[in-house]
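Undergrad: In the order they appear, the protein sequences are chains H and R. Letter 10 of the first sequence, counting from 1, is numbered 12 in this note's numbering, and no numbers are missing. Letter 106 of the second sequence, counting from 1, is numbered 108 in this note's numbering, and no numbers are missing.
Among the clues, some could well be false.
[Said to hold, decoys possible] No more than 27 Å apart at the CA atoms, straight line, and that leaves these computed lysine-lysine pairs for DSS-like: (1) H:K107 x R:K30; (2) H:K107 x R:K121; (3) R:K107 x H:K107; (4) H:K107 x R:K48; (5) H:K30 x R:K107; (6) R:K30 x H:K8.
To be clear, the hints were calculated from the coordinates, so they are not data collected in a lab.
Protein chains: 2
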Amino acid sequence: MTDTLKMDGYEFRSGCSITRSMELWGDKWTLLITRDLMWHGKHTFKSLQESDENIPTNILSDRLQRLMHWGLLRRDPYQERPVRYTYELTDAGRTLEPVLLEIMKWGHRHLGGGSYDPKTGVSLEASYE
Amino acid sequence: MTDTLKMDGYEFRSGCSITRSMELWGDKWTLLITRDLMWHGKHTFKSLQESDENIPTNILSDRLQRLMHWGLLRRDPYQERPVRYTYELTDAGRTLEPVLLEIMKWGHRHLGGGSYDPKTGVSLEASYE
Numbered sequence: 003m004t005d006t007l008k009m010d011g012y013e014f015r016s017g018c019s020i021t022r023s024m025e026l027w028g029d030k031w032t033l034l035i036t037r038d039l040m041w042h043g044k045h046t047f048k049s050l051q052e053s054d055e056n057i058p059t060n061i062l063s064d065r066l067q068r069l070m071h072w073g074l075l076r077r078d079p080y081q082e083r084p085v086r087y088t089y090e091l092t093d094a095g096r097t098l099e100p101v102l103l104e105i106m107k108w109g110h111r112h113l114g115g116g117s118y119d120p121k122t123g124v125s126l127e128a129s130y131e
Numbered sequence: 003m004t005d006t007l008k009m010d011g012y013e014f015r016s017g018c019s020i021t022r023s024m025e026l027w028g029d030k031w032t033l034l035i036t037r038d039l040m041w042h043g044k045h046t047f048k049s050l051q052e053s054d055e056n057i058p059t060n061i062l063s064d065r066l067q068r069l070m071h072w073g074l075l076r077r078d079p080y081q082e083r084p085v086r087y088t089y090e091l092t093d094a095g096r097t098l099e100p101v102l103l104e105i106m107k108w109g110h111r112h113l114g115g116g117s118y119d120p121k122t123g124v125s126l127e128a129s130y131e
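Work out the full structure: start from the sequences and follow the hints.
TA: Shown next, in the form of structure tokens:
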């Protein structure tokens, strides 16, 4: 699905795959937005704003732009005046699922965080606050 | 190996395992430092400074402190006047390997970044600059 990624002319800081990945999507907010788009049926700006983490509006807006810029996300208008969009991960964006799962597994095992099984839709709450 | 993680009293932003993980080690520099400690035999401040990504000294210093604070990293003095340390991931820190591997795999497949096989020690260069 690499064909939809838009990397033309971008210069990475190094040849390392981890560096390159982190430059595209490696910050907490981007991954949390990707989580909500991937698993939690959130596809509007408003619903994405309503996560437990209270993402600031300007950061949400910036990260959505970035994800679209790289071809990981697309949007389509569903209303005019004022225009409103629905957001969907592209096929390229959906390839991030194994990364999200691996990070989730670590946080579940080592930090008592909740877990979610995308195959069954079963969620487990965090084991401590 | 959770026993060496030091989370006493820390309040996470949410119960989500991804949020929790990202709060501990989810930024580009922390993961690059972890990569160098895990796979590239870099165990002194000086050698960690010499990565291709040119990590700024103050950021390196801050991220080492953070990793030690959480129990993911330890240091031992190997010289006095001036005191110098060697840095080693703890057992808890080494549990991050599958996460690093998954991120690397994504960057290798989708962004042409290099790859490294910790089992064989074989490195592949990035396929484009």
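Undergrad: Are the Cα positions of H:K107 and R:K48 separated by 27 Å at most?
TA: Roughly 33 Å between the alpha carbons, so the hint for H:K107 and R:K48 is violated.
Undergrad: Quickly compare the C-alpha distance for H:K30 and R:K107 to 27 Å and report which way the hint goes.
TA: holds, 19 Å
Undergrad: Taking only the CA atoms, is the gap from H:K107 to R:K121 under or equal to 27 Å?
TA: holds, 22 Å
Undergrad: Need the status of pair R:K30, H:K8: alpha-carbon distance at most 27 Å?
TA: With Cα atoms ~21 Å apart, R:K30 and H:K8 stay inside 27 Å; holds.
Undergrad: Within 27 Å, alpha carbon to alpha carbon, are R:K107 and H:K107?
TA: Given pair R:K107, H:K107 holds - Cα atoms ~17 Å apart, limit 27 Å.
Undergrad: Need the status of pair H:K107, R:K30: alpha-carbon distance at most 27 Å?
TA: Satisfied, since the Cα-Cα distance of roughly 19 Å is no more than 27 Å.
Comparing the model with each earlier hint shows a violation of hint 4 alone; every other hint is respected.
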